[in-house]
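A.B. asks: Those protein sequences? They're chains A and B, same order as listed.
Just so we're aligned, residue 4 is where the first sequence starts under this note's numbering, counting upward by one.
Just so we're aligned, residue 37 is where the second sequence starts under this note's numbering, counting upward by one.
Some clues are possibly wrong.
What the hints assert, rightly or not - Heads up, simulated DSS-like pairs for lysine-lysine below, C-alpha to C-alpha not over 27 angstroms straight-line:
#1 B:85 x A:86
#2 B:148 x B:85
#3 B:105 x A:86
#4 B:113 x A:81
#5 B:113 x B:94
#6 B:94 x A:86
#7 B:94 x B:105
#8 A:60 x A:81
#9 B:113 x B:148
#10 A:45 x B:58
#11 A:45 x B:94
#12 B:145 x A:60
#13 B:94 x A:60
#14 A:60 x B:85
#15 A:86 x A:60
#16 A:45 x B:113
#17 B:58 x B:148
#18 B:145 x A:45
#19 B:113 x B:145
To be verified - Residues of chain B placed beyond 10 angstroms of chain A at every Cβ, according to the derived structure:
#20 54
#21 102
#22 121
What the hints assert, rightly or not - Facing chain A, from chain B, some residues (calculated, C-beta under 7 angstroms):
#23 38
#24 41
#25 75
#26 78
#27 103
#28 105
#29 139
Hints were generated in silico from the structure; no laboratory data involved.
Treat the numbers as computed from the prediction; the structure is a model and nothing was measured.
Heads up, the beta-carbon is just placed ideally off N, CA and C, and yes, glycines get one too.
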Amino acid sequence: EPEVTQTPSHQVTQMGQEVILRCVPISNHLYFYWYRQILGQKVEFLVSFYNNEISEKSEIFDDQFSVERPDGSNFTLKIRSTKLEDSAMYFCASSLYGLAGGRADTQYFGPGTRLTVL
Amino acid sequence: AQSVAQPEDQVNVAEGNPLTVKCTYSVSGNPYLFWYVQYPNRGLQFLLKYITGDNLVKGSYGFEAEFNKSQTSFHLKKPSALVSDSALYFCAVRARNSGAGSYQLTFGKGTKLSVIP
Chain A
4 EPEVTQTPSH QVTQMGQEVI LRCVPISNHL YFYWYRQILG QKVEFLVSFY NNEISEKSEI
64 FDDQFSVERP DGSNFTLKIR STKLEDSAMY FCASSLYGLA GGRADTQYFG PGTRLTVL
Chain B
37 AQSVAQPEDQ VNVAEGNPLT VKCTYSVSGN PYLFWYVQYP NRGLQFLLKY ITGDNLVKGS
97 YGFEAEFNKS QTSFHLKKPS ALVSDSALYF CAVRARNSGA GSYQLTFGKG TKLSVIP
């Protein structure tokens with residue numbers, strides 16, 4: 004069964020450093036997402052991406068964040084200058100459809116990257 | 037704005053007994069509703085979803101959920117719990133309309149299910 008994969012599983016960085024979190028969505032999926040989960044809190048939406056552009060983003064996704072699909076398989080989340088409060092588990096997800104025909108297509112999640120900012 | 041409430045932080049149930057994990061939601065218009073499960077050190081695994089039609093939705097691993105529009109609830113159920121069902125369960129909602137906020141899933145805070153042997 005196809006899966007979303009994420010690397011690395013754990014990333015430790017110093018405050019102010021740039022990090023790139025990588026994801027390989029399910030191969031025929033067209034919509035890509037990033038969510039995060041701060042320890043003990045809810046899973047929160049960050050951004051959705053379709054056709055090489057951001058389709059939706061939350062207020063969390065400020066100018067420090069960016070996403071990119073650099074090739075046909077990878078989907079990345081970059082945090083330009085990390086802050087202590089960016090420490091969280093970051094989940095990538097993908098779905099075949101977004102809103103086509105009103106379908107609520109299922110978002111499939113990767114195992115997550117735990118980001119620790121020191 | 038859409039929101040999900042999971043009123044119980046933890047649910048304990050004896051193996052073989054029926055289990056219920058509660059979820060209520062708030063969304064503009066009709067909802068799409070989802071349940072995901074998270075095992076330790078694992079990602080979120082999809083269990084089931086409600087789009088339209090039959091209010092009782094059947095999903096993976098013997099789980100089912102009942103959509104109740106008047107009570108704005110989508111409780112997760114299983115007739116006979118297994119120890120291996122012990123995990124963190126998340127309810128999520130997505131708006132059906134095509135306006136802002138339509139792509140994102142809004143999650144509840146999760147309910148830890150412990151099935152006691």
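A.B. asks: Against each hint, give a clear statement of whether it holds in the structure.
C.D. replies: Hints and how they fare:
1. Note on residue 85 of chain B and residue 86 of chain A: the hinted pairing is violated, with a Cα-Cα distance of about 36 angstroms set against a maximum of 27 angstroms.
2. The hinted pair formed by residue 148 of chain B and residue 85 of chain B meets the criterion: a straight-line CA distance of about 20 angstroms does not exceed 27 angstroms.
3. About 42 angstroms separates the Cα atoms of residue 105 of chain B and residue 86 of chain A, which puts this hinted pair outside 27 angstroms; it is violated.
4. Straight-line distance between C-alpha atoms of residue 113 of chain B and residue 81 of chain A comes to about 39 angstroms, which puts the hinted pair past the 27 angstroms bound.
5. Between residue 113 of chain B and residue 94 of chain B the alpha-carbon distance is near 10 angstroms, which keeps this suggested pair within the 27 angstroms criterion.
6. Taken as a hint, the residue 94 of chain B and residue 86 of chain A pair is broken in the structure, with Cα atoms around 42 angstroms apart against an allowance of 27 angstroms.
7. Of the supplied pair hints, the one linking residue 94 of chain B and residue 105 of chain B holds, its CA atoms being roughly 17 angstroms apart against a limit of 27 angstroms.
8. For the suggested pair residue 60 of chain A and residue 81 of chain A, the alpha carbons sit about 14 angstroms apart, so the restraint of at most 27 angstroms is met.
9. Using a Cα cut-off of 27 angstroms, the hinted pair residue 113 of chain B and residue 148 of chain B holds, with the two alpha carbons roughly 14 angstroms apart.
10. Proposed proximity of residue 45 of chain A and residue 58 of chain B is supported: the alpha carbons are some 16 angstroms apart, at most 27 angstroms.
11. Between residue 45 of chain A and residue 94 of chain B the CA atoms are separated by roughly 25 angstroms; this keeps the pair inside 27 angstroms, and the hint holds.
12. Between residue 145 of chain B and residue 60 of chain A the CA atoms are separated by roughly 20 angstroms; this keeps the pair inside 27 angstroms, and the hint holds.
13. Taken as a hint, the residue 94 of chain B and residue 60 of chain A pair is broken in the structure, with Cα atoms around 31 angstroms apart against an allowance of 27 angstroms.
14. Distance check on the hinted pair: residue 60 of chain A and residue 85 of chain B sit about 23 angstroms apart at the alpha-carbon level, within 27 angstroms; holds.
15. Our distance criterion of 27 angstroms between C-alpha atoms is met by residue 86 of chain A and residue 60 of chain A, whose separation comes to about 19 angstroms.
16. Between residue 45 of chain A and residue 113 of chain B, the direct Cα distance comes to roughly 22 angstroms. Compliance with the 27 angstroms bound is thereby established for this hinted pair.
17. A C-alpha spacing of about 11 angstroms is found between residue 58 of chain B and residue 148 of chain B, which places the hinted pair at or below 27 angstroms, so the restraint holds.
18. Straight-line distance between C-alpha atoms of residue 145 of chain B and residue 45 of chain A comes to about 5 angstroms, which keeps the hinted pair within the 27 angstroms bound.
19. As the CA atoms of residue 113 of chain B and residue 145 of chain B are separated by approximately 18 angstroms, the hinted pair is consistent with the 27 angstroms bound.
20. Even its closest Cβ contact with chain A, about 26 angstroms, leaves residue 54 of chain B beyond 10 angstroms, as expected for a residue assigned away from the interface.
21. Residue placement check: residue 102 of chain B keeps its beta carbon more than 10 angstroms from all beta carbons of chain A (closest about 18 angstroms).
22. Every CB of chain A is more than 10 angstroms from the CB of residue 121 of chain B (nearest about 19 angstroms), matching its label as outside the interface.
23. Because the smallest distance between the Cβ of residue 38 of chain B and any Cβ of chain A comes to about 10 angstroms, over 7 angstroms, the interface hint for this residue is violated.
24. Using the Cβ-Cβ criterion of 7 angstroms, the hint placing residue 41 of chain B at the interface with chain A is not satisfied: the shortest such distance is roughly 11 angstroms.
25. Evaluation of the residue 75 of chain B hint against chain A yields a violated restraint, the C-beta minimum of about 10 angstroms exceeding 7 angstroms.
26. A hinted interface residue such as residue 78 of chain B counts as satisfied when its beta carbon comes closer than 7 angstroms to some beta carbon of chain A; here the least separation is about 6 angstroms, so the hint holds.
27. For residue 103 of chain B, the suggested interface contact is broken, since its CB lies about 13 angstroms from the closest CB of chain A, more than 7 angstroms.
28. With a least beta-carbon distance of about 16 angstroms to chain A, the hint placing residue 105 of chain B at the interface is violated under the 7 angstroms criterion.
29. Because the closest C-beta pair between residue 139 of chain B and chain A is about 4 angstroms apart, less than 7 angstroms, the hint holds.
Hints 1, 3, 4, 6, 13, 23, 24, 25, 27, 28 from the earlier list are contradicted by this structure; the remaining hints agree with it.
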